[in-house]
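S.K.: Next come the chains, spelled out residue by residue.
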Amino acid sequence: MSRSVTANLKTKYLVMTKKVIFIILALYTFSSWSYAGGGWPVPKGGFYFKLSEWWLISDRHYTDAGQIDPNITSGIFNTSIYTEYGLTNRLGLVVYFPFLSRAYVNNVVSGTTGDLLIAGDAINTIGDTDIGLKYSLTPQGSIKTAVTLTLGLPLGNSSGGSQQNLQTGDGEFNQMLSFDAGTSFSTKRVTFYTNVMMGVNNRTNDFSDEFRYGLEFGAGFLDRKIWIVGRLTGVESFKNGATAAQVNSTSIFANNSEYTSYGAELSYYLTSKIGFNVGYASAFRGELIFANPSYTVGVFLDFTK
Amino acid sequence: MNIFSRAILWAIVWSFLSCIGDDIIDDRVDPVLRITNAIDTMEINTNYTFEALFLNHVGKEEVITLEWNTSDPDLMRIDPDGNATALAVGVVRIGVKGIAPSGEAVQDEVPCVIGNSTVNNLKERKAIVKTTSSYLLEGDAVLQEMEGGFLKLSLAENYKASTALPGLYVYLTNNPNTTAGAYEIGAVSVFSGAHDYELPSEVKLTDYDYLLYYCKPFNVKVGDGKFED
Numbered sequence: 001m002s003r004s005v006t007a008n009l010k011t012k013y014l015v016m017t018k019k020v021i022f023i024i025l026a027l028y029t030f031s032s033w034s035y036a037g038g039g040w041p042v043p044k045g046g047f048y049f050k051l052s053e054w055w056l057i058s059d060r061h062y063t064d065a066g067q068i069d070p071n072i073t074s075g076i077f078n079t080s081i082y083t084e085y086g087l088t089n090r091l092g093l094v095v096y097f098p099f100l101s102r103a104y105v106n107n108v109v110s111g112t113t114g115d116l117l118i119a120g121d122a123i124n125t126i127g128d129t130d131i132g133l134k135y136s137l138t139p140q141g142s143i144k145t146a147v148t149l150t151l152g153l154p155l156g157n158s159s160g161g162s163q164q165n166l167q168t169g170d171g172e173f174n175q176m177l178s179f180d181a182g183t184s185f186s187t188k189r190v191t192f193y194t195n196v197m198m199g200v201n202n203r204t205n206d207f208s209d210e211f212r213y214g215l216e217f218g219a220g221f222l223d224r225k226i227w228i229v230g231r232l233t234g235v236e237s238f239k240n241g242a243t244a245a246q247v248n249s250t251s252i253f254a255n256n257s258e259y260t261s262y263g264a265e266l267s268y269y270l271t272s273k274i275g276f277n278v279g280y281a282s283a284f285r286g287e288l289i290f291a292n293p294s295y296t297v298g299v300f301l302d303f304t305k
Numbered sequence: 001m002n003i004f005s006r007a008i009l010w011a012i013v014w015s016f017l018s019c020i021g022d023d024i025i026d027d028r029v030d031p032v033l034r035i036t037n038a039i040d041t042m043e044i045n046t047n048y049t050f051e052a053l054f055l056n057h058v059g060k061e062e063v064i065t066l067e068w069n070t071s072d073p074d075l076m077r078i079d080p081d082g083n084a085t086a087l088a089v090g091v092v093r094i095g096v097k098g099i100a101p102s103g104e105a106v107q108d109e110v111p112c113v114i115g116n117s118t119v120n121n122l123k124e125r126k127a128i129v130k131t132t133s134s135y136l137l138e139g140d141a142v143l144q145e146m147e148g149g150f151l152k153l154s155l156a157e158n159y160k161a162s163t164a165l166p167g168l169y170v171y172l173t174n175n176p177n178t179t180a181g182a183y184e185i186g187a188v189s190v191f192s193g194a195h196d197y198e199l200p201s202e203v204k205l206t207d208y209d210y211l212l213y214y215c216k217p218f219n220v221k222v223g224d225g226k227f228e229d
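So the sequences go chain by chain: A and B.
Per the numbering used here, residue 1 is the first one in the first sequence, and the count goes up by one each step.
Per the numbering used here, residue 1 is the first one in the second sequence, and the count goes up by one each step.
Isolated chain A, as found in the complex (with noise of 0.2 Å):
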């Protein structure tokens, strides 16, 4: 999970005096990627850190035909940390590292004789891992700009089990180029803040490039205390790599997978500085993917100000 729009907004807004705007790009993905947001980056020399758990326990999926088939029922858990560190006022350092990714699917058992017909299994391994770094484009504008560039690092393990059907990653190295705007706006309770994100992810290993796009609305109560956001991400392949006819393997997996989903995600500052968050993220679209709901719950470190 990227690095908390709320975190963001709250620094922000307190630091400066001004409208804010935080960009966001939560991905729903079965593996849990992420991309740091934000029209700033963090201020020089502050950091945000974030430990959270993302899981997603999935028994249907979207098919090639966008239509929804059951599944064995796998899942896959992430353990991960999420720093954000400002190297300059306009220029940000983002990590996201899934130290723990486990991934598992069920036994097949009988339903007449109760047999094991195909033993369940499960890795632990980190995770694919992202590195990023963000530049405002325009930190001083009431629409704020930024663009990121994101490196996807395959450090995860795109074959694992017995059947090497189990993942945590996806075996590729990309690289995502992402354009954000957003604005926000205050009241005297409430500060509302609206963000839409674009980009392209360079993909290799013959998985397909995409376009990936995004667009957040967020609100926070109580002197920014408490963040609502809501979330609704896309991915649209190119559909430019190779297929399972040209590649007969399990790592390709996932190739060609598109999806609309929508999320909500609520923060809490229980300190200036400590706070905790939960999220949703489900797909009404998509093709080749999971279709069941993701979660995530972090505690977050902001010394962003």
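If you're looking for bench data, these hints aren't it; they were derived computationally from the structure.
We put the CB at the ideal spot given by N, CA and C, even for glycine.
Please note that a few of the clues may not be correct.
Stated by the list, open to error - Chain A is faced by these chain B residues, among others (derived, beta-carbon under 7 Å):
id, residue
1, Ile-20
2, Asp-22
3, Asp-23
4, Ile-24
5, Ile-25
6, Asp-26
7, Leu-53
8, His-57
9, Pro-111
10, Gly-115
11, Thr-118
12, Tyr-135
13, Pro-217
14, Asn-219
15, Val-220
To be verified - Cβ pair distances, simulated, as ranges:
id, chain 1, residue 1, chain 2, residue 2, range
16, B, Ser-134, A, Ser-186, 46 to 56 Å
17, B, Leu-9, A, Glu-236, 31 to 41 Å
18, A, Leu-151, B, Ser-201, 30 to 40 Å
19, B, Gly-193, A, Phe-217, 43 to 53 Å
20, A, Ile-68, B, Ala-156, 28 to 38 Å
21, B, Ala-194, A, Arg-60, 27 to 37 Å
22, B, Ala-194, A, Ile-68, 39 to 49 Å
23, A, Leu-232, B, Ile-20, 30 to 40 Å
24, B, Lys-123, A, Leu-232, 58 to 68 Å
25, A, Gly-114, B, Lys-123, 47 to 57 Å
26, B, Lys-130, A, Ile-68, 15 to 25 Å
27, A, Thr-260, B, Lys-130, 28 to 38 Å
28, A, Leu-116, B, Ser-201, 30 to 40 Å
29, A, Ile-68, B, Glu-51, 43 to 53 Å
Once you have looked at the hints, place chain B on chain A.
M.R.: Below, chain B alone, put in the same frame as chain A:
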């Protein structure tokens, strides 16, 4: 213990508590008893041993007590082990029956002409492959007994399969609900048009009743086709 230590501990415990569970599938099929080596014509005054295969309610072979009979003992005599003797020219029906362990009565019956030579015209079985999922799968298939005793599975020109699935495999099975007990032919590498698979001589024409397409890595059934008798 501060909040982050607690959170790390909780996250790790939560991850490892996400244990492998059980997915129960409905794999029940009707028990079947079938004569596996029927012949069209049997030479008069010769012997032939008929064989039968019983498949239980999950499509697994099981041994049960069989009773053999013919429609006309004056034309053909058959003993409890399926050993038949052709006595006179004519047409008879050879039957076999038994009781499945689950209590159902099972039986099969085939016609046989008694003539001047023994002939078996069953050299192939056809199936229409169709999707049982949202993935594209369609086409005609034929399982043929070739000279040399091996089988060839041929998919026709009208065959099409989705290229989206990784690890699509094709099987021969007696239970189209699962790959358990199935014979794995191999990974699908052709996704449209005519193509063949050569099978080893251990696999017989009447061993399996279904062709099954299955996404092996993700345990998703894609489609099947039942071979005609």
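S.K.: Does each hint fit the structure? Answer for all of them.
M.R.: Consistency of the hints with the structure:
1. Ile-20: Holds - the Cβ of B:Ile-20 comes within 7 Å of chain A, reaching about 4 Å at its closest.
2. Asp-22: With a minimum Cβ separation of about 5 Å from chain A (threshold 7 Å), the hint on B:Asp-22 holds.
3. Asp-23: 5 Å, holds
4. Ile-24: Holds. Min distance 5 Å.
5. Ile-25: Holds - the Cβ of B:Ile-25 comes within 7 Å of chain A, reaching about 6 Å at its closest.
6. Asp-26: Cβ of B:Asp-26 sits 5 Å from chain A, so the hint holds.
7. Leu-53: 19 Å, violated
8. His-57: 6 Å, holds
9. Pro-111: 33 Å, violated
10. Gly-115: 44 Å, violated
11. Thr-118: Violated. Min distance 40 Å.
12. Tyr-135: This hint holds: B:Tyr-135 lies near chain A, its Cβ roughly 6 Å from the closest one there, short of 7 Å.
13. Pro-217: 3 Å, holds
14. Asn-219: Result: holds, 4 Å to nearest chain A Cβ.
15. Val-220: 5 Å, holds
16. B:Ser-134 with A:Ser-186: 46 to 56 Å: Between B:Ser-134 and A:Ser-186, where Cβ atoms are some 47 Å apart, the hint holds.
17. B:Leu-9 with A:Glu-236: 31 to 41 Å: 40 Å, holds
18. A:Leu-151 with B:Ser-201: 30 to 40 Å: With Cβ atoms ~54 Å apart, the hint is violated.
19. B:Gly-193 with A:Phe-217: 43 to 53 Å: 50 Å, holds
20. A:Ile-68 with B:Ala-156: 28 to 38 Å: With Cβ atoms ~30 Å apart, the hint holds.
21. B:Ala-194 with A:Arg-60: 27 to 37 Å: 34 Å, holds
22. B:Ala-194 with A:Ile-68: 39 to 49 Å: Violated, since B:Ala-194 and A:Ile-68 (Cβ atoms, about 32 Å apart) do not stay within the stated range.
23. A:Leu-232 with B:Ile-20: 30 to 40 Å: Holds, at about 34 Å.
24. B:Lys-123 with A:Leu-232: 58 to 68 Å: 60 Å, holds
25. A:Gly-114 with B:Lys-123: 47 to 57 Å: Given about 40 Å between the Cβ atoms, the range is violated.
26. B:Lys-130 with A:Ile-68: 15 to 25 Å: With a Cβ separation near 20 Å, B:Lys-130 and A:Ile-68 satisfy 15 to 25 Å, so the hint holds.
27. A:Thr-260 with B:Lys-130: 28 to 38 Å: At roughly 31 Å between Cβ atoms, B:Lys-130 and A:Thr-260 fall inside 28 to 38 Å, so the hint holds.
28. A:Leu-116 with B:Ser-201: 30 to 40 Å: 31 Å, holds
29. A:Ile-68 with B:Glu-51: 43 to 53 Å: Holds - the Cβ-Cβ distance for A:Ile-68 and B:Glu-51, about 45 Å, lies within 43 to 53 Å.
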